[in-house]
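Chemist: This is what each chain is made of:
Number of protein chains: 2
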Amino acid sequence: MNLEKPYIISVYAILRNEKGEFLLLRRSENSHSNPGKWDLPGGKLGQEETLGEAVAREVWEETGISIVPGEIAGYVTFELPEKKVIAIVYNEGYVIADVKLSYEHTEYAWISLDNILEMKTLPAYFRDFFKRFITESKKSSEPPI
Amino acid sequence: MNLEKPYIISVYAILRNEKGEFLLLRRSENSHSNPGKWDLPGGKLGQEETLGEAVAREVWEETGISIVPGEIAGYVTFELPEKKVIAIVYNEGYVIADVKLSYEHTEYAWISLDNILEMKTLPAYFRDFFKRFITESKKSSEPPI
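Chains R and S are the protein sequences, given in the same order.
Numbers 0 to 144, taken from numbering that gives the first Met the number 0, label the letters of the first sequence in order.
Numbers 0 to 144, taken from numbering that gives the first Met the number 0, label the letters of the second sequence in order.
It is worth saying that the hints were derived from the structure and are not from the lab.
Any given hint could turn out to be false.
Chain copies aren't distinguished; within one or between two, either way the pair holds.
Claimed, not checked - Dumping the calculated DSBU-like pairs for lysine-lysine here, alpha-carbon to alpha-carbon at most 35 Å:
1. K130 with K4
2. K43 with K119
3. K4 with K119
4. K119 with K36
5. K18 with K4
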């Protein structure tokens, strides 16, 4: 088979501060994809890596924060000009740490969920992910029947 | 967060014979999930494994066929009673090999695509996957504009 656009696997992490706000990073203006847009920490899975190793490496490279890979919170899929991406999103829970950006991002912010859902510069696949994430978190915090 | 149903990652493989038929396995009647239903070779990703290692191990365990992990053909997602599954499907291309089943399956068959799309005992998420797979294969075999 010779699909024109190969699939690749990426990993992303959601991290929250003590107020429950989520960490987002703004992509550099000369990024290959989504320049200047907001983003989650994360990136492409290496051939020789486990998913957990990849998410810890990407979070470390892009934020200077050390994590122990948490639970999987869900997935998003999207298309870039040359590939289709299946992205596994880890829930890293709450972190207390300084953020040290890499060259890939120009800015970071801790943003409340309500504000995330209003953001025009966050790709739609991540906005939709946060909507689902909240629905599922609410469901699971309801008392068992 | 305490989602009631955790996500797990699985890997599956599509393998074809020289006629282009796909290898399906029938799950044992005492399987925990989907007993007696048809299935693709594959299973759960181990914590310490890469995706490629996992798909090669599962195919070997369930069919006795050695593969070198191929391209990713896509993904399926589904829910089981206790978990939600994100399954990455590898395209292993054409194989010439005898199939040796494990205890997990009771039968195997090489089945043409037309027949796969008619099968009532293949879970809908795999049937839908094959539909998408075909659409994408056709697109990519069209001459470039």
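Chemist: Please list, smallest to largest, the hint numbers that this structure does not respect.
Modeler: none
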